[in-house]
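K.L.:
Sequence:
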Amino acid sequence: PYIALGATLEGADGRQEIACTQGHWSMEGRPVIREANLEQFNEQPDFAKRMSLPLPEEAEQLYPNPLQRRQQSQVHQWGMSIDLNSCVGCSACVLACQSENNVPIVGKEQVSYSREMHWLRIDRYFSGDPEDPQVVTQPMLCQHCESAPCENVCPVNATVHDDEGLNLMVYNRCVGTRYCSNNCPYKVRRFNFFDYNRRPIGKLYQDPITSTTRGEWELKRWFQNPSKGSLPEDEWELVKMVKNPDVTVRMRGVMEKCTFCVQRIEQAKIDQKIEAGASDDVEVPDGAIKPACQQACPADAIVFGNLKDPNSRVSQLKEQQRDYQVLEYLGTHPRTTYLAKVRNPNPDMPGNYTDSPATMEEFTERMDQHPLQSHNGHGSENGQSKTEHHSEKGSH
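Each number in the working numbering corresponds to the 1-based position in the sequence shown with 135 added.
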């Protein structure tokens, strides 16, 4: 009953413009995504760390950072780990983040102008033969850097660090300079060019003096109620009901980004304090907080938790040898890290087996170093013998 026969395919006339949020498809040998075959991983489990580029020399601080001292006395230090071995690029996390955090729909036209608003995106990279490339996906969100470049350039202190390691956005302070977005190496900040939440997509460019809604001048509506959107009353009430009441609805001229679902963090801390009563047991149990992206991920690729708890799941994942930071050579020290991908190709599949992932080969060619080579320069040879296909749990 689920099969239909006799379908035909015909070419259509004309061209259709595609709005895409990613304009870079190749890493050009840079270790943004790190991969190895299972044989290589068994030989060198720390291959991901061997692909790290030289770190910059840390400049001596004129004054000690008081934030670091305060962080040592806090009960919680938040962090996230994303397993590239589990991620299937389904974008469920993107939709969950959009729904949870009142991220507006901006429409195809604005996306084509690089004005997308998603706080989380799924980057897709191609490597190897262009006719038959290897593909890998990577969720990219605010990395919550310890040394955040965005914080150094904000003239009004709208993007700040808190004592628990979160890179926060104070919307009421933001004046829309967009310096932070320009200084972010991960390009995960979004700017409200229009009042997306108050105006329909078709009226983004209309001003209140010359536009009307159902025969009523927008300027008159604004004088009667400045907080009302450019929508009919019944539609406006429906739009407000769709929003998450725990998250601020941003307006035009404000920068925004991922907050690790800080509203869920604060609610869990409040619940734990109520349960603790007069005791000092205010540490939130591991697993009690799940950001929207983690909650929606069907592959359990995203894990969030307290880094000060050595037994927390996120702390244990960050202790794995596959753990690495994206663009770590910039010295931003992100709280979000990734677990490198381990491929398990079947050597019996004709034309499908390669001794190394194409990303590793491109990295070796560009950097003139092989991550599987031992420190004394006498590591195993590049080529691997085609042994029997591994079926170890967790590999693809």
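Be aware that a few hints might be false.
Unchecked claim - Subject to a maximum C-alpha distance of 30 Å in a straight line, what follows is the list of computed DSS-like cross-link-like pairs (lysine-lysine):
1) Lys375 - Lys443
2) Lys363 - Lys375
3) Lys184 - Lys453
4) Lys184 - Lys322
5) Lys355 - Lys338
6) Lys184 - Lys443
7) Lys375 - Lys243
8) Lys322 - Lys408
9) Lys408 - Lys453
10) Lys378 - Lys404
11) Lys404 - Lys425
Read the hints as simulated data drawn from the structure, not as lab findings.
K.L.:
Taking the hints in turn, state whether each one holds.
P.N.:
Taking the hints in turn, this is what the structure says about them:
With a C-alpha separation of about 38 Å, the suggested pairing of Lys375 with Lys443 is violated against the 30 Å cut-off. With a C-alpha separation of about 10 Å, the suggested pairing of Lys363 with Lys375 holds against the 30 Å cut-off. Under the criterion of a C-alpha separation no larger than 30 Å, the hint pairing Lys184 with Lys453 is consistent with the structure, at around 12 Å. At most 30 Å may separate the alpha-carbon atoms for a hinted pair to count; Lys184 and Lys322 meet this at roughly 24 Å.
Among the hinted pairs, Lys355 with Lys338 is consistent with the structure: their alpha-carbon atoms are about 17 Å apart, no more than 30 Å. Taking the CA atoms of Lys184 and Lys443, the gap is about 22 Å. The hint holds against a cut of 30 Å. Taking the CA atoms of Lys375 and Lys243, the gap is near 23 Å; set against the 30 Å cutoff, the hint holds. At roughly 36 Å between alpha-carbon atoms, Lys322 and Lys408 are farther apart than 30 Å, so this suggested pair is violated.
For the hint pairing Lys408 with Lys453, the CA-to-CA distance comes to about 28 Å; that is within 30 Å, so the pair holds. The straight-line distance between the Cα atoms of Lys378 and Lys404 is roughly 23 Å, inside the 30 Å bound, and the hint therefore holds. At most 30 Å may separate the alpha-carbon atoms for a hinted pair to count; Lys404 and Lys425 meet this at roughly 13 Å.
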